[in-house]
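K.L.:
Residue numbers (the numbering used here), protein chains in the order written: chain A, 1 to 329; chain B, 1 to 197.
Among these hints, one or two may not hold up.
[Claimed, not checked] Derived EDC-like pairs (lysine to aspartate or glutamate); straight-line CA-CA distance at most 16 Å:
no.: 1; chain 1: B; residue 1: 166; chain 2: B; residue 2: 122
no.: 2; chain 1: A; residue 1: 154; chain 2: A; residue 2: 284
no.: 3; chain 1: A; residue 1: 285; chain 2: B; residue 2: 159
no.: 4; chain 1: B; residue 1: 169; chain 2: A; residue 2: 37
no.: 5; chain 1: B; residue 1: 166; chain 2: A; residue 2: 12
no.: 6; chain 1: A; residue 1: 99; chain 2: A; residue 2: 126
no.: 7; chain 1: B; residue 1: 195; chain 2: A; residue 2: 126
no.: 8; chain 1: B; residue 1: 195; chain 2: B; residue 2: 23
no.: 9; chain 1: B; residue 1: 169; chain 2: A; residue 2: 38
no.: 10; chain 1: B; residue 1: 166; chain 2: A; residue 2: 38
no.: 11; chain 1: B; residue 1: 195; chain 2: A; residue 2: 108
no.: 12; chain 1: B; residue 1: 195; chain 2: A; residue 2: 107
No lab work stands behind these hints: they were computed from the structure. The model shown is predicted, which means the values in this text are computed figures rather than measured ones.
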Amino acid sequence: MNYGYYPGCSLERNAAAYDVSTRAVAAHLGLGLDELEDWNCCGATEYIAINKLAAYALIGRNLALAQKQLHAPGNGRLAADGRAQLVAPCSACFLNLRKADRYLQDDETLRTATNEALAAGGLRYDPGTIFVRHLLDVMVNDVGFEEIKRRVTKPLTGLRVAPYYGCLLVRPRLGGELSNAEYPTELDQLMKALGAEVVDFPLKAHCCGGHMTQISAEVAYELLRRLLQNAADYKADVIVTLCPMCQLNLDAYQSRVNQHFGAGFNLPILYFTQMMGLAFGLDEKALGFGKEIVSAAAALAKIGEPPKAGAPARRRKDDKALPMPGAKP
Amino acid sequence: MTSPIHPQQTFLQDVIDATPGGDTLRTCLQCGTCGGSCPSGADMDATPRRLFAMIAAGLRDEVLQSNTPWYCVSCYYCMVRCPQEIHITDVMYSLKRMAIREGYTDHDAAPDFSQTFIGYVERYGRSFELGLATRFHLAHSPLRKVGIGTLALDMFARDRLALTPKRIKDMEGLHAILETAKAMARKAEATGGSKLL
Ligand code: SF4
Ligand code: SF4
Ligand code: SF4
Ligand code: SF4
Numbered sequence: 001m002n003y004g005y006y007p008g009c010s011l012e013r014n015a016a017a018y019d020v021s022t023r024a025v026a027a028h029l030g031l032g033l034d035e036l037e038d039w040n041c042c043g044a045t046e047y048i049a050i051n052k053l054a055a056y057a058l059i060g061r062n063l064a065l066a067q068k069q070l071h072a073p074g075n076g077r078l079a080a081d082g083r084a085q086l087v088a089p090c091s092a093c094f095l096n097l098r099k100a101d102r103y104l105q106d107d108e109t110l111r112t113a114t115n116e117a118l119a120a121g122g123l124r125y126d127p128g129t130i131f132v133r134h135l136l137d138v139m140v141n142d143v144g145f146e147e148i149k150r151r152v153t154k155p156l157t158g159l160r161v162a163p164y165y166g167c168l169l170v171r172p173r174l175g176g177e178l179s180n181a182e183y184p185t186e187l188d189q190l191m192k193a194l195g196a197e198v199v200d201f202p203l204k205a206h207c208c209g210g211h212m213t214q215i216s217a218e219v220a221y222e223l224l225r226r227l228l229q230n231a232a233d234y235k236a237d238v239i240v241t242l243c244p245m246c247q248l249n250l251d252a253y254q255s256r257v258n259q260h261f262g263a264g265f266n267l268p269i270l271y272f273t274q275m276m277g278l279a280f281g282l283d284e285k286a287l288g289f290g291k292e293i294v295s296a297a298a299a300l301a302k303i304g305e306p307p308k309a310g311a312p313a314r315r316r317k318d319d320k321a322l323p324m325p326g327a328k329p
Numbered sequence: 001m002t003s004p005i006h007p008q009q010t011f012l013q014d015v016i017d018a019t020p021g022g023d024t025l026r027t028c029l030q031c032g033t034c035g036g037s038c039p040s041g042a043d044m045d046a047t048p049r050r051l052f053a054m055i056a057a058g059l060r061d062e063v064l065q066s067n068t069p070w071y072c073v074s075c076y077y078c079m080v081r082c083p084q085e086i087h088i089t090d091v092m093y094s095l096k097r098m099a100i101r102e103g104y105t106d107h108d109a110a111p112d113f114s115q116t117f118i119g120y121v122e123r124y125g126r127s128f129e130l131g132l133a134t135r136f137h138l139a140h141s142p143l144r145k146v147g148i149g150t151l152a153l154d155m156f157a158r159d160r161l162a163l164t165p166k167r168i169k170d171m172e173g174l175h176a177i178l179e180t181a182k183a184m185a186r187k188a189e190a191t192g193g194s195k196l197l
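Extracted from the complex, chain B is given alone in its bound form (with noise of 0.2 Å):
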């Protein structure tokens, strides 16, 4: 299947522009070290060696809905074995992206933390602590019934779990910057320049 943003261009080329180093992608020797140095490769619906020989085939259906992506852990193990120096972990970010933006991920656990997370940030320009409390909240919504109990009241007790983020001083020019930014990314989609996406 071709690009939606550019019909001429192949999944491998998006891939690799959406990538800062992208380009090292098209070396790839399918030699499964990545795949072999993973703590989440038993957990991946396809290793990133496949998933790499998927893109290169332009299966992009198959990698947009894979689970892959979304159970790496940024541990960067492969990156620094990799024959290639390919910036694997980086991929993986980009796949994300396109899987969102492409609507392959309603309702997932994943893109809906960084979700929550992102919107903290754009509200106060800082985070809750990543990990505690965006599951606090997570766990309020209906949709969640996983419970975080006993966990929350030790770390309120010992005062570390924040209700709101600090706020930073200069909140307009944040919002501006990030407001700015966006619109960019939104006219590239509509303009072929997949390069900021």
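In isolation and in its complexed conformation, chain A is listed as follows (with noise of 0.2 Å):
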């Protein structure tokens, strides 16, 4: 039996290193991803923000064929309240997959209206039947500490690593998420597990700009300098992202960052999957090393060496930081 798989148009191209090591880690685990039968897109940020109804039923199409798909007999991974689960790894499409069927639980004329158009296409969802999961959650939570460290044949030791979380998988808090909205540790015990240094960072769960990229460049710089600036003020190695987006934002918009502010960020942007892969010992070339723009080799060579003395233990103050309520006038 079977997790349902929803990569999410990201996966397909641009975060490919995502997807191919999801799936190598997955196997590799035993862990079974039945990719949703002709999946659409989520819609994203942008739908929602255009026509409401037609961005339930965008995202509604996606969650009736994983019900028809993952509760057909002997098809769908259970959970223990009967909800089959449906695996995302991207935090966007985890976030509308999984508000949509809360909303649509909640607001009826919503869910009758969305059902009506769905009918449009011969589908209907039932709220409240599919269970909506992150991979990190699913990893974490599912899979478990204690067998991920009894795979682990490569320790990433000595690798200085910022685990970065971004928004979506830990706010808003509609059940479900990550243990904390604000300071969530899932990854950063995650990434010990595979034996790497996790760094103290502060920003972990700041904003990268989402969108912001393409609609109002210096203000997604902005937010970007920071948590490169950050990462660096704790002499992380590499940042491990969880969402395609994050990765996209901090990886390839990080040259236009170092332009923009005349700053030298050399920071290599992986998934935990990547790192999972790695620690593993699977075979590198299956994981998607090279996507990244911002190279992750020189950083990789240092695993296995002594860690160096001398990083910085205390958490400094960033008053460019995301003001804190009553910070400031």
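Both chains are sitting in their own frames, so use the hints and assemble them into the complex.
P.N.:
This is the structure:
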């Protein structure tokens, strides 16, 4: 019995490294992932800004397909409460699917109308029948740290990792997110289980700007600069992500940020599944390394070296960070 | 100003209707936690707190002309910190829809971007990678001077940039679903069913 797998558009090309490393690691762990048949784009954060009902119908089609495929006898891996589980590696897809399921449960008018639209394509969705989960949640809570540790053959010793969560897997709180909305630790623990040295990363759940790179580049560059600066301050060798959009922003726009601020950041941005595959001793070619714009080769060569002394232990105050309530007039 | 859909209804009620769980908006304490938590606060012409006071005061024009919803990056910090659990981010989406529908947004980059993005979704069922190829196409329209330059080349070199999205098999079914939804939304607009808008 397998989980349903909703890769999302980004994983088809831009984030192919995330897709291949997810599939390789899942196969190694014996975690069955069945791709959702004929899934469509979830609309990201764009469709909902234009047409609400069409946006719910677009997301609803995926949930309806999942209901049909994963509740077919013998097909889906059911949660304890009988819901079939659909796994998304993209934080934006995860939130869209999860939120639509929740709001369709809560809002009868929207539910009836969405199903009226879905019926035009021969589908229907009963909210509450699909349990939408993020891939990290499945790795950490279903596979578990013990099993993950047991599989490690090449520990990531000496590699200083900044674990980056971004927004949409930790906020909003609709049930089933990570442990904390502002300072989650699951990815930290996972990286430690792989043998990496996890650096303090106070901005780890702050926003990278999402689609802002397209709309107002300077706003986005400043958000990205804060994150890169914070990771650099704590002498991270790499930033590890769990979302294709975060990876794209931090990786592809890093040189732009450098130009814009006259900075010299050189931080490779990798997916947590690539790190898992690496620590499990899987073939590196099958994990999508080399697709990152800021090359990870030099950083990865550090693995196995004895750690250098003198890394900063104390948090420094960053007055450019996300303002806390009451911090300023 | 009253609602163009429901002449009897306040602007506040329009926003509440448009937002799942929108009722909580009535309970805003004006505490300012949202604005203080917002990474885009400095670029917004009104903080979320101020915007909500303007909504309650019925300042429809001012609110729908505000850049605030368009600078919202959907980080949900405000939403998890709001003592009243107001669905702030969802209110921002509602305001974007209202501003577009009521003609407040001609030639802005953000609505253009959203339109371009969903254009692909409606044609193929899948999108380009959000954040790259769409920009690539915008960059080639005479309206945009921002070049994408080395960024696109870097992405092409690593096979991370597609020229067309993949097409799903049942495009016909998806098309029927979306067209039905849009027709229902148009009907709702004409008959005052603001919960679907
Ligand atoms: S969030 Fe992005 S990657 Fe995920 S399906 Fe939607 S558009 Fe595609
Ligand atoms: S950090 Fe950026 S891309 Fe990642 S979840 Fe937040 S907005 Fe989305
Ligand atoms: S945090 Fe909530 S209650 Fe406080 S001002 Fe913002 S919306 Fe109103
Ligand atoms: S969700 Fe939008 S309004 Fe709320 S804090 Fe984030 S950017 Fe600001």
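K.L.:
So, for every hint listed, does it hold in this structure?
P.N.:
For each hint, the structure was consulted:
Taking the CA atoms of residue 166 of chain B and residue 122 of chain B, the gap is about 12 Å. The hint holds against a cut of 16 Å. For the hint linking residue 154 of chain A to residue 284 of chain A, the alpha-carbon distance of about 12 Å falls within 16 Å, and the restraint holds. Pair hint residue 285 of chain A plus residue 159 of chain B holds up; C-alpha atoms about 15 Å apart against a cutoff of 16 Å. Restraint check for residue 169 of chain B and residue 37 of chain A: satisfied, since their Cα atoms lie roughly 9 Å apart, inside the 16 Å limit.
Pair hint residue 166 of chain B plus residue 12 of chain A holds up; C-alpha atoms about 9 Å apart against a cutoff of 16 Å. Restraint check for residue 99 of chain A and residue 126 of chain A: the C-alpha separation of about 14 Å stays at or below 16 Å, so the hint holds. The suggested pairing of residue 195 of chain B with residue 126 of chain A is violated, with an alpha-carbon distance near 20 Å, which exceeds 16 Å. With a C-alpha separation of about 12 Å, the suggested pairing of residue 195 of chain B with residue 23 of chain B holds against the 16 Å cut-off.
A threshold of 16 Å between alpha carbons decides the hint, and for residue 169 of chain B with residue 38 of chain A the separation of about 6 Å falls inside it, so the pair holds. A threshold of 16 Å between alpha carbons decides the hint, and for residue 166 of chain B with residue 38 of chain A the separation of about 11 Å falls inside it, so the pair holds. Proximity of residue 195 of chain B to residue 108 of chain A is assessed by CA-CA distance (about 10 Å); at most 16 Å being required, the pair is judged to hold. Simply put, residue 195 of chain B and residue 107 of chain A have alpha-carbon atoms about 10 Å apart, close enough for the 16 Å limit, and the pair holds.
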